[in-house]
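Please build the complete structure, drawing on both the sequences and the hints.
There are 2 protein chains.
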Amino acid sequence: MPKLVECVPNFSEGRRPEVIEAIADEVRKVAGVKLLDVKPDASHNRVVVTFVGEPQAVKQAAFNCCQKAAELIDMEKHHGEHPRIGATDVIPFIPVKDVTMEECVALANELAAEIADKLEIPVYLYEEAARIPTRRALPDIRRGQYEGLKEEIAKPERKPDYGPARMHPSAGATVVGARQFLIAYNINLDTDDVSIAKKIANCIREAKGGFKYVRAMGISVNVRGRDVAQVTINMVNYQGTPLFRVFETVKNEAARYGVNVIGSEIIGLTPLQALLDVAEYYLRLDGFERTQVFEETLS
Amino acid sequence: MPKLVECVPNFSEGRRPEVIEAIADEVRKVAGVKLLDVKPDASHNRVVVTFVGEPQAVKQAAFNCCQKAAELIDMEKHHGEHPRIGATDVIPFIPVKDVTMEECVALANELAAEIADKLEIPVYLYEEAARIPTRRALPDIRRGQYEGLKEEIAKPERKPDYGPARMHPSAGATVVGARQFLIAYNINLDTDDVSIAKKIANCIREAKGGFKYVRAMGISVNVRGRDVAQVTINMVNYQGTPLFRVFETVKNEAARYGVNVIGSEIIGLTPLQALLDVAEYYLRLDGFERTQVFEETLS
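In the order they appear, the protein sequences are chains L and P.
Taken in order, the first sequence gives residues 1 to 299; the numbers are from this note's numbering.
Taken in order, the second sequence gives residues 1 to 299; the numbers are from this note's numbering.
The hints are simulated quantities; they were obtained by calculation from the structure and are not laboratory data.
Treat the hints with care, as some may be off.
Chain copies aren't distinguished; within one or between two, either way the pair holds.
Below, a list of computed lysine-lysine pairs in the DSBU-like style, where the Cα atoms sit at most 35 angstroms apart [unchecked claim]:
1. K77 <-> K155
2. K198 <-> K68
3. K34 <-> K118
4. K159 <-> K212
5. K97 <-> K68
These numbers come from a predicted model, not from an experiment.
Next up, the structure:
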């Protein structure tokens, strides 16, 4: 079974289809990498590209895209609503299968060194790959955007982790890093009282003393014609804080208000492991191995 | 995503490695089929071969194996402890992914017709493919074994579903059919009192008024040096009777005796869907689709 890493780089071009296609083609050309999605946004003037494959192949595809973006995008002429610092704005690696976070951090370092050496683009490391606590969060690295960073990059506190302490004349700077797969998860309550959802969100979110890897809010949504209070959640590390623990906590806290959980929903994709962990927890499975999943014997 | 069918034919040869290899090679030769296991048993003088792939490719591999077995195995000279009626004793098709039971029954009929026409071997249809209720269970079809069936095959009640009403002179007869994936599932109780496990087994097994697709017994097992009572279960149709329902029922019935469930274990393989159903149930997932599993986007 091959190791799998996902990569979701963002490039500062969302309007010229030929540039977007040229970047996507760099992914298509690399053997062992599968292009999953290309999502341009014209008002942001930005494209999000998603691909997956074995670690070294994914790194190669990421480098090739970054090189192509440096050729075709001139940050001096770039305008868009989304904050950005370079032609390739950010490249996160995400462990998907049989890969540790440490391996993704190492991959980020290899790629950062290659971009700095071969393309002479300054590179910052973020999230799990960050070497400096203030560089964990992307907005902190992006402070002042391309234009502001150009002025400040020579200052010691903004010195890049790899490459020259000056912006590339057209491609700017790039952020490379590693992060967990983010699962968008919502839990619907049997009430239209949003204040209850807000209180429960505060029980589970890290910022209010809740789970470390949970971001949550209470909102009102319409489910099949009925207004219901929803706890809307970003699970930023499903291994550190598993789905079942959040679900059970929300269920218990809701009971405190005499409210039931109607149901929950996963928005978009989830790694298989997050759901296997749920089955393992509730069935109290003993000694279960992922290799016992029939379909896993086929890959 | 390709459709996947598993096939687990049993052949009446467990001693001559060259014959076993020749049969296994017939599977290896078919493109689109993956050989998963070859398990010979010398005392049974029988081999169980497991492979998986797209429906038509799996049928082709099954036919080729059956033809090879008819060439190399002479039932007139076969002796072994396991009941059998032919060189290829039984061929079950098992739906694994994106395939219905109806499709597997159709596949069984196609294969049965081909074996009858091209090899002149009489074929009986069993389990989900059975046309006659008394032919659902394999032991009923195998009554009298090769030697007995040879005498009785001309009788109306033993007329094969496909092919001549006489045994093939060396290959005998064959049984073809379709069945669900069987999950071997055990639940361990926090007691050494086997009588409680036996009572709970009786609550859940079909024969005693329990779930239709559950076979269960209460036994004593040693778990990490401690004797515990176990409900040992064959889940013969995990879609008809899901794992979570059996687990919850055992948990509730155990509570009736003041006993907790320590844990459960899946022995060997399980289709992924059986575990996804567990996660979906406990998280009360709304509108969940299997295509939301990240790894599924890769196949």
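Do the hints match the structure? See the list:
1. K77 <-> K155: Within one copy, since 25 angstroms is at most 35 angstroms while 89 angstroms is not.
2. K198 <-> K68: neither (45 angstroms within a copy, 68 angstroms between copies)
3. K34 <-> K118: Only inside one copy: K34 and K118 sit 25 angstroms apart there, 43 angstroms across copies, limit 35 angstroms.
4. K159 <-> K212: within (30 angstroms within a copy, 68 angstroms between copies)
5. K97 <-> K68: For K97 and K68, the Cα distance is within 35 angstroms only inside one copy (28 angstroms; across copies 40 angstroms).
Checked against the numbered hints given earlier, the structure breaks only hint 2 and satisfies all the rest.
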